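These protein sequence lines map, in sequence, to chains A and B.
Just so we're aligned, residue 1 is where the first sequence starts under UniProt numbering, counting upward by one.
Just so we're aligned, residue 1 is where the second sequence starts under UniProt numbering, counting upward by one.
It is possible that some hints are incorrect.
Covered stretches of chain B (in silico footprint by chain A; criterion: 3 or more residues with CB under 8 Å from a CB of chain A, positions within the stretch not fixed) [as the list claims (entries may be wrong)]:
(1) 10-22
(2) 25-33
(3) 38-50
(4) 61-67
(5) 81-95
Facing chain A, from chain B, some residues (calculated, C-beta under 8 Å) [as the list claims (entries may be wrong)]:
(6) R3
(7) P5
(8) A6
(9) R54
(10) P55
(11) R56
(12) G57
(13) N73
(14) G74
(15) R78
Estimated spans, in silico, between C-beta atoms of each pair [what the hints assert, rightly or not]:
(16) R415/A - P87/B: 52 to 62 Å
(17) P87/B - R315/A: 42 to 52 Å
(18) R3/B - S266/A: 29 to 39 Å
(19) P87/B - S470/A: 45 to 55 Å
(20) S266/A - N12/B: 38 to 48 Å
(21) R3/B - L215/A: 43 to 53 Å
(22) R50/B - G197/A: 32 to 42 Å
(23) A41/B - T94/A: 35 to 45 Å
(24) R415/A - N73/B: 43 to 53 Å
Rather than coming from a laboratory, the hints here were simulated on the basis of the structure.
Source: prediction; values computed, not measured.
No residue lacks a Cβ here, since even glycine has one placed at the ideal position from N, Cα and C.
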Amino acid sequence: MPASASDPYDLAVIGAGSAGLAGAVTAAELGLSVALLDGSPQHGGQFYRHPAPSMGAARPEALHHDWAAFAELRRRLERSDVSHLSGHHVWTVTKEDHGPWAVHAVTGVDGTAERSVRVRARTVLLATGAYERQLPFPGWTLPGVVGAGGAQAMLKSGLVLPGKRVVVAGSGPLLLAVATSLAAAGAQVPAVIEASGYLGYARHPRALAANPHKLVEAAVHGAALLRHRVRLRTRSAVTEVHGTDRVEAVTVTRLDRDWRPVRGASRQIECDALAVGHGLAPQIELATALGCATRPVADGTSALALDGLQETSVRGLWAAGETGGIGGAQLARSEGELAGLAAAGRLYGHPVREERVRALQRRRDRMRAFADAMAISHAPAAGWTGWLTGDTEVCRCEEVTARSIREAVTDFGARDARTVKLLTRAGMGWCQGRMCGAAVACLAAREGAVEPPAERRPFAVPVPLSALASLDEPTGIRPDAAPGVDD
Amino acid sequence: MARTPAELVGANPGPSFEITMDGRPVTALPGQSVAAALWSAGILAWRTTRHTDRPRGAFCGIGQCYDCLATINGEPNRRACLVPARPGDVIITQEGHGHARLSV
Numbered sequence: 001m002p003a004s005a006s007d008p009y010d011l012a013v014i015g016a017g018s019a020g021l022a023g024a025v026t027a028a029e030l031g032l033s034v035a036l037l038d039g040s041p042q043h044g045g046q047f048y049r050h051p052a053p054s055m056g057a058a059r060p061e062a063l064h065h066d067w068a069a070f071a072e073l074r075r076r077l078e079r080s081d082v083s084h085l086s087g088h089h090v091w092t093v094t095k096e097d098h099g100p101w102a103v104h105a106v107t108g109v110d111g112t113a114e115r116s117v118r119v120r121a122r123t124v125l126l127a128t129g130a131y132e133r134q135l136p137f138p139g140w141t142l143p144g145v146v147g148a149g150g151a152q153a154m155l156k157s158g159l160v161l162p163g164k165r166v167v168v169a170g171s172g173p174l175l176l177a178v179a180t181s182l183a184a185a186g187a188q189v190p191a192v193i194e195a196s197g198y199l200g201y202a203r204h205p206r207a208l209a210a211n212p213h214k215l216v217e218a219a220v221h222g223a224a225l226l227r228h229r230v231r232l233r234t235r236s237a238v239t240e241v242h243g244t245d246r247v248e249a250v251t252v253t254r255l256d257r258d259w260r261p262v263r264g265a266s267r268q269i270e271c272d273a274l275a276v277g278h279g280l281a282p283q284i285e286l287a288t289a290l291g292c293a294t295r296p297v298a299d300g301t302s303a304l305a306l307d308g309l310q311e312t313s314v315r316g317l318w319a320a321g322e323t324g325g326i327g328g329a330q331l332a333r334s335e336g337e338l339a340g341l342a343a344a345g346r347l348y349g350h351p352v353r354e355e356r357v358r359a360l361q362r363r364r365d366r367m368r369a370f371a372d373a374m375a376i377s378h379a380p381a382a383g384w385t386g387w388l389t390g391d392t393e394v395c396r397c398e399e400v401t402a403r404s405i406r407e408a409v410t411d412f413g414a415r416d417a418r419t420v421k422l423l424t425r426a427g428m429g430w431c432q433g434r435m436c437g438a439a440v441a442c443l444a445a446r447e448g449a450v451e452p453p454a455e456r457r458p459f460a461v462p463v464p465l466s467a468l469a470s471l472d473e474p475t476g477i478r479p480d481a482a483p484g485v486d487d
Numbered sequence: 001m002a003r004t005p006a007e008l009v010g011a012n013p014g015p016s017f018e019i020t021m022d023g024r025p026v027t028a029l030p031g032q033s034v035a036a037a038l039w040s041a042g043i044l045a046w047r048t049t050r051h052t053d054r055p056r057g058a059f060c061g062i063g064q065c066y067d068c069l070a071t072i073n074g075e076p077n078r079r080a081c082l083v084p085a086r087p088g089d090v091i092i093t094q095e096g097h098g099h100a101r102l103s104v
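Looking at chain B on its own, in the form it has when it is part of the complex:
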């Protein structure tokens, strides 16, 4: 019986690569979304809410709920469940609406 999802589907992915989450290295597979790469590293939260500063991550997994918003390569409000991970991506926990530097 399969012990991992990759074993179940007989995956033979291309070479893995590194992205960073708040400076911490995370291994990603080509074709995985940013959210999937973070889940595979056991990271479930990469956003804090605007009002109560609570952690959030992927919820609906299909781009509908916007709970997985992250700052990816300096760009806030990207839906991590839709954006494919690329080598060297820099993911930063998005605080609030992601535009704090604009003081709005």
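The shape of chain A in the complex, shown without the other chains:
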């Protein structure tokens, strides 16, 4: 906590997952005053999402890998004087000339508590993680079709399953983890449907050899799938969902190398739920709104461009974990620690243990190399649009069909996702294109080069007008404000 309530914190960390926790405790242990903001009531982020204490889970680690690493971060957090501001949904970050950063948040479980909070800090670490990338297919809006990560999130925190017999489909290594968790928790998982294959990894022998723990992880998942009699079907996709009010079955079709459905190579699988996802997309809107540079990732997403010490192109703003490219919890921890060390070095000229920095950088680079191989191996190929019908809804919020989007492209000359949005409202609804952005960008590019969707969203979460109206109010301690937080 800062010496005086009106002083800014040394560091504001946004996101209490692996990267944010590591960054916050590292900085606090070096003497920095740290505010840790997170929307969720509990820390851990999506990876270490776990049931509320009132669920009395004796073995929360049963649904996790590497729970010990989280337990250690939690111990360090408890021993530190980090101000943990849970239930704080950050909607924007601003900076005045030569002044501190201002992190603006709305409070409450879903950001509707009608209280706005402004946390001032001399430096900021962005650790907002990622959300799932989705590609549409006929029937994907039917109840019972849920995100693969969504199914796992609901399982980890709510101890619930979307159905008894759950097909897992899409692309990326997360599918194996999801299938393993669902099966361990009692669901029947008839199949995991992966649009790519796993042979792609073989083209990156060095990345594999340098990350033996990833091979061990894959072997653990593989063994679990065998034990639960889960079939892994590669080079295939769910191309249709059957049912009227909820999922009754799915059609699985073989794909060619370009992810184009192979005619006549389809079969149905009965199930009452489908957990689907096509990898993860970095959640970077707070940074892009500040003008931070991004880099294209081989899987078609955009991540923040970072320097060797995790700093973005905007001085004083660091980023760690999935915001810099999807790479998993271990990589996130290393990056968070690096960023914490770097912020301490910047603020107090700490002779930041050079050896520790170099070791972390080596570990980060090694894991990033694996992440890059993973991104290439599971990147959606352009042929996926071949499984859409005209009636397939692409934008779930605004109910915009593939036909409307194609018309915008062919009849009205749209060439990018933004123009398609203006003509059709795709991406203009509640989620602001988080669910459909990738798909709309592909369709706008006319099945040519996949252009990453523009990640610029002026507000990272919905903001009540009252919060905007109160921005002009003079800064001062409000009676209902959390300790150490102004406005």
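Based on these hints, arrange chain B on the given structure of chain A.
Then chain B, alone, in the frame of chain A:
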């Protein structure tokens, strides 16, 4: 081998309580979100879309997709996957944008 998620993690939750979904009683556990309580009762949809009146429920599970919007205790557009269930909560299927009574 565990047969339920609760068995898998050795859960020993506090006493369960009742909420209602469109008047139907649903049992919830303390700490479960509204969406989780509804899933555990086998209910997967609690919203209808604005244009085609199609059913929707939780999709992303982490507050990003807004597909799980519900009217909770009279307040529309709450994200059911984020809102913890409380005893006596009244959940109503949200029709369209949730503000039909305002005729907008």
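Take the C-beta atom of P87/B and the C-beta atom of R315/A, compute their distance, and say whether it sits inside 42 to 52 Å. The hinted range 42 to 52 Å holds for P87/B and R315/A, with Cβ atoms some 50 Å apart.
A range of 52 to 62 Å was offered for this pair. Does it hold for the Cβ distance of R415/A and P87/B? holds, 54 Å
Could you say whether the range 43 to 53 Å given as a hint is met by the Cβ separation of R3/B and L215/A? violated, 31 Å
Mind checking, does the region 38-50 of chain B have 3 or more residues with a CB under 8 Å from chain A? holds (count 6)
Satisfaction of the R3/B interface hint, Cβ to chain A closer than 8 Å: holds, 5 Å
Go through the hint on P5/B and say holds or violated, using the shortest Cβ distance to chain A against 8 Å. Check passed: Cβ of P5/B comes within 4 Å of chain A, closer than 8 Å.
Given a hint of 35 to 45 Å, does the C-beta separation of A41/B and T94/A actually sit inside it? holds, 44 Å
Proposed interface contact between G57/B and chain A, which counts if any beta carbon pair is under 8 Å: Check passed: Cβ of G57/B comes within 5 Å of chain A, closer than 8 Å.
A6/B as an interface hint toward chain A, with CB separation required under 8 Å: holds, 5 Å
Given a hint of 43 to 53 Å, does the C-beta separation of R415/A and N73/B actually sit inside it? holds, 46 Å
If you take the shortest Cβ to Cβ gap from R78/B to chain A, is it below 8 Å? The hint holds - R78/B has a Cβ within 8 Å of chain A, the shortest such distance being about 6 Å.
Are there at least three residues in the region 25-33 of chain B whose beta carbon sits under 8 Å from a beta carbon of chain A? holds (count 5)
Of the hints listed earlier, those the structure fails to meet are numbers 13, 14, 19 and 21, in rising order.
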